[in-house]
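Generate the whole structure from the sequences, applying the supplied hints.
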Amino acid sequence: MKLDVIVLDLRFRAEDVIEFPPGRAANILRGTLGKALYGAAWYERFFAPRRADGPSGWKDPPRPFVLRVSHLDGARIEPGRLFSVRLNVFLAEACDFLVRAVERAGLEGWGPGRGKARLVRHVRTPVEVSLAPAGREVSRVRVRFLTPTELKIDGGLAAQPDFGILFARLRDRVSTLRAVYGAGPLDLEFASLGDRASRVRMVSCNVRQEFRRRHSSHTGQTHPLAGFTGEAAYEGSLSEFMPFLHAGYWTGVGRQTVWGHGQMEAFEEAPVTS
127 MKLDVIVLDL RFRAEDVIEF PPGRAANILR GTLGKALYGA AWYERFFAPR RADGPSGWKD
187 PPRPFVLRVS HLDGARIEPG RLFSVRLNVF LAEACDFLVR AVERAGLEGW GPGRGKARLV
247 RHVRTPVEVS LAPAGREVSR VRVRFLTPTE LKIDGGLAAQ PDFGILFARL RDRVSTLRAV
307 YGAGPLDLEF ASLGDRASRV RMVSCNVRQE FRRRHSSHTG QTHPLAGFTG EAAYEGSLSE
367 FMPFLHAGYW TGVGRQTVWG HGQMEAFEEA PVTS
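Just add 126 to wherever you are in the sequence shown, counting from 1, and you've got my numbering.
I should point out that these hints are in silico values taken from the structure, not numbers from a laboratory.
Hints are supplied without guarantee of correctness; some may be wrong.
The calculated lysine-lysine pairs, modelled on BS3-like cross-linking and capped at a C-alpha distance of 30 Å, are [what the hints assert, rightly or not]:
no., residue 1, residue 2
1, K161, K242
2, K128, K278
3, K161, K278
This structure is a prediction, so every number in the text was calculated from the model and none was measured.
Structure representation (structure tokens):
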């Protein structure tokens, strides 16, 4: 089993001063990208997809891409300087449309001063993310949550990333991305996997809550954005879960992943001996 990803790296040259306030790069790109896409024939398919059939979780399917622009948070880019806008894409045919949309957004201008940028080149790198279990015993892992992460639980949001909750959200996201854009949903025993995941212990947790707001120029509404960042360590029988933790680096996890929330990375660690 695998998940196919295309890393889309768009290189721009700033024509004006462009400022991305701290924590705002994804929101700025979100607004301009939505405006560039809106009204196009492929807007609903790639930017606001809806399905009338299938399970309830497919009625509002994930977008076929995620933004990766946290490296621009707090950046001031002078005229003539090069910078990158990156996306992870889960549907190959979406790449051309996304390149055009981001290029158009750059010409419209980014940041408070609406500084313009011109696309110089773009590179597409295909990545095959294996979902096969690790071929060795893994008993400890550390997960870093690089951007605000919101995990749903019992109609609310989790205050901390207990492993059972984290794995369930990763499993569902990867399976749905494959079902909608790839080779089909995962052929796994979800219930038994979830039961084993619930036995993995969180042995340390150092996360903090972050609160931000997003203003939609399209609707005029302001939406709260929240989530935790930081890291947590887990111990247990982890081999079968490692592919999903590594897949989360490419897909993100939780709510608002398309706009860069839920960016994470996982590292195997040696067991701690007393």
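Structure-based check of all given hints:
1. K161 with K242: Holds: K161 and K242 sit about 15 Å apart, inside 30 Å.
2. K128 with K278: Distance ~25 Å between K128 and K278 Cα, so the pair holds.
3. K161 with K278: Distance ~29 Å between K161 and K278 Cα, so the pair holds.
Violation of the numbered hints given earlier is absent; every hint is satisfied by the structure.
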